[in-house]
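Protein chains in written order, with this note's numbering: chain G, 3 to 326; chain W, 32 to 519.
One thing to keep in mind: the hints can contain errors.
When the alpha-carbon atoms are kept at most 25 Å apart in a straight line, the in silico SDA-like pairs for lysine to any residue are as follows [to be verified]:
1) 177(W) to 200(G)
2) 462(W) to 61(W)
3) 177(W) to 34(G)
To be clear about the criterion: a stretch of chain W counts as covered by chain G if any three or more of its residues have a C-beta under 8 Å from a C-beta of chain G, and this derived list gives those stretches [stated by the list, open to error]:
4) 60-70
5) 428-438
Calculated directly from the structure, the hints in this document are not laboratory data.
Please read these numbers as outputs of a predicted model, since none were measured by experiment.
Backbone N, C-alpha and C fix where the C-beta goes; we use that ideal spot for every residue, glycine too.
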Amino acid sequence: MSKAKIGIYWAAACGGCDCSILEVNEQILDVAAGAEILLWPCAVDAKYEDLRNYRNGEIDVVLFNGAIRTAENHEMAELIRVKAKYLIAYGSCAHTGGVIGLANLSERDRIFETVYGARERWPQLESSQDGRILRLPAFLERLTPLSEVVEVDYTVPGCPPPREIVRELLSALLSGDLPPRGAIFASAKNLCEECARERTHERIQRILRPHEAEADPERCLLDQGFVCMGPATRGGCGAPCPAANMPCTGCAGPTADVADQGAAMLSTLASLVGTGEEDESQIAAEDAILAQLDDIIGTFYRFGAATSILGRRYHERSTATDQH
Amino acid sequence: MNDRLRQISIDPITRLEGHGRIELFLDDEGGLADAFFQIPELRGFEEFCRGRLGEDMPQITERICGVCPEAHHYASVKALDACYRAVPPPRAQALRELLYNAYTFSDHLLHFYYLGGPDFLVGPYAPPQERNIIGVIGKVGLELGKEVIRHRGYGQRMIEIVGGRPIHPVTGLPGGQSKGITAEERDEIRSMAASAVEFAKATLELFHKALLADRTYGEFISGSAHAPSLYSMGLVDDRGSVSFYDGDVRVVGPDGSEYAQVPAAAVLSLIEERTEPWTYVKIPYLKDVGWKGFVPGPDSGIYRVGPLARLNVCRQIGTPLAQIEYERYLDFFGGGPVHATFAYHWARLIEMLSAAERTASLAAEEVLMNGALRAPLGEPGAGVGVIEAARGVLIHHYDLDPRGRVRSANLVVATTHNVAAISLSIKEMAKTIVRDGRVDPSLLNLVEMSFRNYDPCLACATHALPGEMPLVVDVRGPDGRIRERIER
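For reference, chain G alone in the conformation it holds in the complex (with noise of 0.2 Å):
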């Protein structure tokens, strides 16, 4: 069998995902023994120039991380789309838009109010010096995840990836043995599935964060009253953040059957919360106890804040808002 030809790219990232792939350790002497690398910034010196000239479909398989921030992160996704016989959006940010996703909350404007200051101190797309042109790419007005700009054939989800998964997508790389397109590199099932920690579906009766109390390390933090987002959260990952006493961040995105995993958690939340009862004293309760949640984007939308529905919404209030 020829060398499997890949790439990987990132685009607005942390680096966080290039260096996921160098957690399988020894590993990767089999990847550079059956795979041919022909892009990867961060650690090989191919160019843009050899991109664009590499014929279209050339390269077998780009594992894409990072979300399109900028208009050269959607130049570069249409590029490689074209080059790639297979596209994977690989880590949180390139699947849901990622932490970075937050910045969607704020005007483009007030982001660079609050970097640069007032606007004669902004960076320009293009500016001389001496004559001399330099360019940068536009910061887009939102960022959005791979999938909103290009056509992906698989996702890996994790801010990481988890070292397991990250395994088996490159021994399916190597063999060639790939799932069918579409196919998602996680569980079907939520985090709680692989949660080693007990449920004992007690009702909460005050909402606890981290810092305020030490968990019970065998019972399920929600259950103690942590928002842990893991009912919403697809498992894969074996669970490591309960594991260490912190509530699970919600870093894989929403479970097969969920579309917004925001509301989905806050669906669950409210479950266990509320008794059902109609009396106006025990509605009062509940809420006061729902009053709790301090913030409820960072918490809920910690890496989906880019491709919930509340995210839009949000948005577009923003914009009208500005108008006035």
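Use these hints to put chain W onto chain G, whose structure you have.
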């Protein structure tokens, strides 16, 4: 000569963290007119961190950089300690320092074998497709190659044991740590750390054999062509030793004399930053020295951070084996401060050995296994956390409201400090390779080597001191009701 020939782009620059490109402009005589180091990316963390829960910041800000998430995680945790007026108990302190030194070891290893080192281990003029970790393994042999992979794995495994995950750890909380480690895990760490010390020594031997004895590297590290006289900034402990996890900020001038030594929280009073229309990154400089353009010297406020700078501000390293190597290093240059930009590689490996030694001695401490993991917290307020990221001084500064939510977050990030110096180094190198209006493409890698010395992290670099703008936003739940109003 047409315009296309008069401008040369290196896009993207490679073997670093993040996006960058270099634009070289030639003059009418065919020499270098100017060089620009551009960073074409921005995330806006300073904006969207507002309104988040304080205790979520260690896990949010580590997404600035997945190569050095441990640095952001603990700069953030230390800022929260300060916000809550909490002093972590000795056990939590030891766990954090253990993880942090394991990270420094692992990150420096990554740079030498995967990112910057291939230029010399494989060779600056080697074909581009060989200048990488795979080429390094081809050159040093599979046996050593496997040791490289094994020890990077050890560093990551130690981080995973203490931090809960190998990338983007989760266990840091204001006032402590969310979990301890088991006796088996402690024993595993002890044996990995002992092996890491031996591996760091072997890496220094390789450095002497493959880099210091190499003619190209020897030329770059000696002489004045690549040794701009600049200020240096780094953390030192109360004895003046290199200190990765905590310490005072010390700045020395180009001649090595002390410019300032201040508590970490006061570092913001030392610097000021400017923006340029051609890059998304802001450029800091020493405020009282002032900005004189991209030039070196005692009157220019440009300073450096990271391994080279840390070894310029310290009085000693602080661990025995690394101290011996540090003295060899000083002997080689006839004493400090060292300005040779290519000496970053050597300084980095001295630190890698020191980090391994510290990891091993921390792993032997009984306090790791006994006592409280968390300290009581006070009322939330404002606080600063400072730490040495592998690439240099990293500062997180938060102001929390009475419910512990972030009102404002200032981040001053390692690579940002180095941006002006990197621009300077790139231009110095570019000057040497442009001849008669031509550049041999095989020489362009030399320009990239000049920034790789710094091990830049460009995703990190685009975060820095924000201004203050008024803003009110309503966060609505799925039912359309206002759940939260964020104001600032």
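* To do: With a cut-off of 25 Å on the C-alpha distance, tell me whether residue 177(W) and residue 200(G) pass.
  => violated (40 Å)
* Within a Cα-Cα threshold of 25 Å, do residue 462(W) and residue 61(W) meet the stated pairing? -> holds (11 Å)
* Asked: Is residue 177(W) close enough to residue 34(G), meaning Cα to Cα at most 25 Å?
  -> holds (13 Å)
* Can you take a look at whether the stretch 428-438 of chain W is actually covered by chain G? Rule is 3+ residues, C-beta closer than 8 Å. => holds (count 3)
* Against chain G, does the stretch 60-70 of chain W show at least 3 residues with beta-carbon separation below 8 Å? -> holds (count 4)
Hint check: a violation occurs at hint 1 only; the rest are consistent with the structure.
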